[in-house]
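K.L.:
This is what each chain is made of:
Protein chains: 2
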Amino acid sequence: MRPAPSGAHRYLAELAWLGGPSPVVEKEVLLEVHNGRIAAVTHQAGPRRDGVVRLAGLTIPGLANAHSHAFQRALRGRTHGRTSNGDFWSWRDAMYGLAARLDPERLLALARAVYGEMALAGICAVGEFHYLHHSPSGRPYGEANVMGGALVQAASEAGVRLTLLDTCYLRGGFDRPLDGPQKRFGDRDAHAWARRADLIEVPDDTVIGAAIHSVRAVDPGSMEVVREWADGRGAPLHVHVSEQRAENEACLAATGRTPVGLLEASGVLGPTTTVVHATHLSGDDIARLGASSTRVCLCPTTERDLADGVGPAAALVTAGSPLCFGSDSHAVVDLFEEARAVELDERLVTERRGHHSAVDLLQAATAGGMRSLGRSGGVLEPGAPADFVTVRLDSPRTAGAGAPGLLDHLVFAASGADVTHVVTEGRPVVVDGAHVGLVDVGHALAEAITPLFEEQP
Amino acid sequence: MRPAPSGAHRYLAELAWLGGPSPVVEKEVLLEVHNGRIAAVTHQAGPRRDGVVRLAGLTIPGLANAHSHAFQRALRGRTHGRTSNGDFWSWRDAMYGLAARLDPERLLALARAVYGEMALAGICAVGEFHYLHHSPSGRPYGEANVMGGALVQAASEAGVRLTLLDTCYLRGGFDRPLDGPQKRFGDRDAHAWARRADLIEVPDDTVIGAAIHSVRAVDPGSMEVVREWADGRGAPLHVHVSEQRAENEACLAATGRTPVGLLEASGVLGPTTTVVHATHLSGDDIARLGASSTRVCLCPTTERDLADGVGPAAALVTAGSPLCFGSDSHAVVDLFEEARAVELDERLVTERRGHHSAVDLLQAATAGGMRSLGRSGGVLEPGAPADFVTVRLDSPRTAGAGAPGLLDHLVFAASGADVTHVVTEGRPVVVDGAHVGLVDVGHALAEAITPLFEEQP
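First to last, the protein sequences are chains A and B. With the first letter of the first sequence counted as 1, position 336 gets the number 335 in numbering that gives the first Met the number 0; the numbers rise by one all the way through. With the first letter of the second sequence counted as 1, position 51 gets the number 50 in numbering that gives the first Met the number 0; the numbers rise by one all the way through.
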């Protein structure tokens, strides 16, 4: 992202939820911004001020999208047909086919447009779970981190703060080497992964984190290397876990442990670790995650799209795991929809309401995601990053919302299409519903995606 | 609705799906409209024409919303708090509280705004399951159908074609009379219901249908009266069925039959009947509905919101029941979201993809809904009503869609917010995303809803 303007800016929010556990929505909140941070918050600042940017609607802390594979946005609408409609594994074949067609230039164009889509939906920070490291044959590019560099540049140009979760991916399964399209995902071993990851150069506003692709793809000894690398840098560590029953069965057969059990035994769990999906867990798994304060990133629109199932979100919270959300495959890019789906999908399988409050879901979508990505923020208070998002309350979806249920209305009925203003690190990224830097995100998406499919046989 | 303009109009759709079982999307389709009907359809009409309205994006037949309780839109965002968050039955208490505060004037303002919201989302026809007949005490208004008349006027002013499903609602449960807020729902008996329903005067473009509220609310003898009334007029008949397990249990205990079994024994099933929800069915129930070609209206966003559960949609189709969709409580008003939810919710509970194709879901959302509402249409061919909807393909949600998967992209990723043009019975109702008649639907919603809650203690 270009450096934040050094001058001070003042915003007057008609209504604001300032983040944190309180569901209170305040009127006429003046947010003063200096050098990318919030300098002052004045409550009941009065309805009119000169020299301020007025934010009509409800302003909240910036949203954090804790799990993204940006390139998978190109598959939207393209995996429901006959060849890839069966299950997660046949979907994965379509995804591998796409992955094989990407080079640094195409990844830059695609990711920039996808991060632009995120910005329009109110997302100020994203965690990119990045494993497209090498050339399709598996040979490193001349510049070893050119693909990661493309993601860094894409996020900067789209005005979204990036946590690049550089992913260790060493084998195709418990008893299989990397094969075919997987070859470009892999480093020779965990030490080679760590050496490459050490070389990534990023601007100040980018966080480098680590990821273990999964217990399928990384053996326990290598997991420990990744864990040490992350601990040494104070970096967040993410790992896919138990999205599919087949992964659990293979892990049990190969190691005698569940995936969560294996992560625990390998020292991977803990408060700076985020497990992604956590769909098919045993009671012991839930207890292990909660007792270690391991974070859980749910990706409910992807999990619904891929027929994964419904994870035990409420039980995880009760056990002690903070939640966050990710749009993952980008079947949908809308953190309000991710947030409500956590409650709504538990309603479907339990036939009861009331598993998660709106304010808890919003905290997960803001501060919870920021923490998972190794960042502060997610709350509007002096000293915090000046990340905030305004949602209009006069659209057909949001109109008629009333004070006592305003956060409920936001979580259960608003859409990314209702976001009008986004300020990220003090810089206006979205103004009146339009992206300031990219101009036409729809055009950018089409330009990036269409060529990827025109060449297919 | 005001009469359709008598002059001819011509529209050139950049891309069009013309309805029916074929998933083919054609380029440059010229739609000629005369007196509210499609006069001619020219394929490959060429990219440029003078004197035509160009429709950029994908044009499809108008959507039909087969199940609406317009007034419940006021509850959006207001039932997730402590007092009404438990289950369907506690939600129903909040709904009853709202129902008690409505009079004809307020219902008109609210329903007009809600139908305006529907028009903006591409809905050309709606079925209103109407039971707010009398004054709150249960005494008929001086003009017995003044509440139904408000709905007719509201739909006309919002440019949505109405099927008024006048609902027979006689008791509070198998062994309970109507009580409290239910009193205004009830006529003295089924014959009194039929006499009142006979008196409704509506314009030519409104269809009068019948509804049986549920097996809880109408005894078998009275169901037969309603059935005869509908048959005598060639009118569609709708009935809520098996949304909740408690209804099934009470019906079995009181009658020894399941709700569907009781409907069958009472002669209610058949191809002009639509059962709404059909969530908790036995194998026999599914076979009965399919064998009688009874239509099934699923309302998945409401069923998810109310924690009803996931109905056996694919099994119903296989058995022989055509599907249609309704937004019911209007937690969401978006038929694309209803359509995809039918597939996605079955994915969640089966952990498999591929239960319904996009074209099947679109047929249910268009022609299926129109048939359920006693109407022709849902297909773009000469002689059909000129109802069509254009969805932009350059929004962040829809951009990048490609020819082979265009209908998949529409069903699985588009939103009501992507609708740019709506023509209903030949009349432009939505142009460039704005409602032609109501100007500001958000403002109308807020004006209608806010006063309903300000007076609460």
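Some hints could be false.
Note: identical chains are not told apart, hence a pair may lie in one copy or across any two.
Unchecked claim - Taking lysine to any residue and the SDA-like style, the derived pairs with C-alpha atoms no more than 20 Å apart in a straight line are:
#1 K26 <-> R53
#2 K26 <-> V435
#3 K26 <-> E453
#4 K26 <-> A445
#5 K182 <-> V145
#6 K182 <-> E142
Treat the hints as calculated values from the structure; they're not laboratory data.
K.L.:
Indicate, hint by hint, whether the structure satisfies it.
P.N.:
These are the hints, each one checked on the structure:
no. : hint          : in the structure
1   : K26 <-> R53   : within (12 Å within a copy, 44 Å between copies)
2   : K26 <-> V435  : neither (27 Å within a copy, 33 Å between copies)
3   : K26 <-> E453  : between (51 Å within a copy, 18 Å between copies)
4   : K26 <-> A445  : between (40 Å within a copy, 18 Å between copies)
5   : K182 <-> V145 : within (16 Å within a copy, 71 Å between copies)
6   : K182 <-> E142 : within (17 Å within a copy, 76 Å between copies)
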